[in-house]
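Kindly produce the complete structure, drawing on both the sequences and the hints.
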Amino acid sequence: MVLLALASSTSHALDILLTNDDGFETANLRAMQAALKAAGHDVLIAAPTQNNSGVGGSLAFFRPLGPMAKDSRYGAVKAGAPGVGQDPTDPDIHYVDSTPVAATLYGLDVVARKRWGKPPDLVISGPNEGNNLGMIVNSSGTVANALYAINRGIPAIAVSHQDYQSKPWTTLVPASVEHETGAIIVRLLAALEASRDGGDLLPRGTGLNVNIPTFKPGAGKDLVYVFTRLGVATTFQPVFYERLADSPVAQGFKAGAPLPGVSFVMPGTPVPDGVTLPVDDSTDAEANVLRDGVVTVSVIEGVPEARATSKAKVRSRLDRLVQ
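So in this note's numbering, spot 159 of the sequence shown is number 178, and the numbers just go up one at a time.
Since the hints were derived computationally from the structure, they do not count as laboratory data.
Possibly wrong hints are sitting among the right ones.
Stated by the list, open to error - List of simulated lysine to aspartate or glutamate pairs, DMTMM-like, C-alpha gap at most 20 Å:
1. Lys-56 to Asp-182
2. Lys-133 to Asp-109
3. Lys-240 to Asp-219
Said to hold, decoys possible - Cβ pair distances, simulated, as ranges:
4. Gly-59 to Val-341: 47 to 55 Å
5. Pro-101 to Gln-342: 47 to 55 Å
6. Thr-233 to Gly-280: 25 to 33 Å
7. Ala-238 to Leu-278: 38 to 46 Å
8. Lys-332 to Pro-236: 46 to 54 Å
9. Asp-182 to Val-318: 48 to 56 Å
Beta carbons: idealized from backbone N, C-alpha and C, even for Gly.
Listed below in structure tokens is the structure:
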């Protein structure tokens, strides 16, 4: 493991688009906004109206966004309001009654250009309510938001926090742990800024997947940052059940119907007969490193390009077919 060195110098002001997959009213998102603004950055939010965890990069193509069919997650915007609009308490916060990626695209294509006349300098997605580690990032709206930005040549950071705290921003108080989460990312940005030497914030085509562990109030400032890789290790893995009633996790979520569907296998819960799950015991996989109570920082890329060695092997097998 390689510790991420943090610089002490102050970062320059960045134009930042902030988004998530849990909704524009969440405490995590608003605390992050406050921390970034306090550090001198110009911040716009574009986020969905509802909790959309697990939808990945889904988009509803060619489906016009009419009036909202129901209230937003915590009721700040009521049913019947336009499908795209502003938070009534802050004109810098925009909502989209659709998927996380749709909200991110609205932020990139409409909101950012109206405000800055150009794309943002950085996209931050999160903090998510719960971690996104290893193989599970394929279904993460938080990470998908970052990938869409990366594919447009915009640096992006997906942020997730192990503490599962589903609550509205109106519950925030000065001692709320969400403020410490924001400060953790501000320090990360300061390190990136201090080392860029006039160049890109991150190499083009790359971003970061950052996972923050559970920590006691007041201890966020002392967390160590560790450079990791995604790997396939994760804290939970999706499995299709012929009967959701057979899934202990589904039962815990009161979704244990005698009908087929997807659930999770958590550590310590039985794996259905015949199902083999991937194992990754490597010491640098982010899910394994996070257990040490550190902030994990993994580099991600937008396009799922195969490594050169893998492409060469496949090409040799298709040598008589492909040109």
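Results for each hint:
no.	hint	verdict
1	Lys-56 to Asp-182	23 Å, violated
2	Lys-133 to Asp-109	16 Å, holds
3	Lys-240 to Asp-219	27 Å, violated
4	Gly-59 to Val-341: 47 to 55 Å	52 Å, holds
5	Pro-101 to Gln-342: 47 to 55 Å	51 Å, holds
6	Thr-233 to Gly-280: 25 to 33 Å	29 Å, holds
7	Ala-238 to Leu-278: 38 to 46 Å	43 Å, holds
8	Lys-332 to Pro-236: 46 to 54 Å	51 Å, holds
9	Asp-182 to Val-318: 48 to 56 Å	24 Å, violated
Of the numbered hints given earlier, the model fails hints 1, 3, 9; all others are met.
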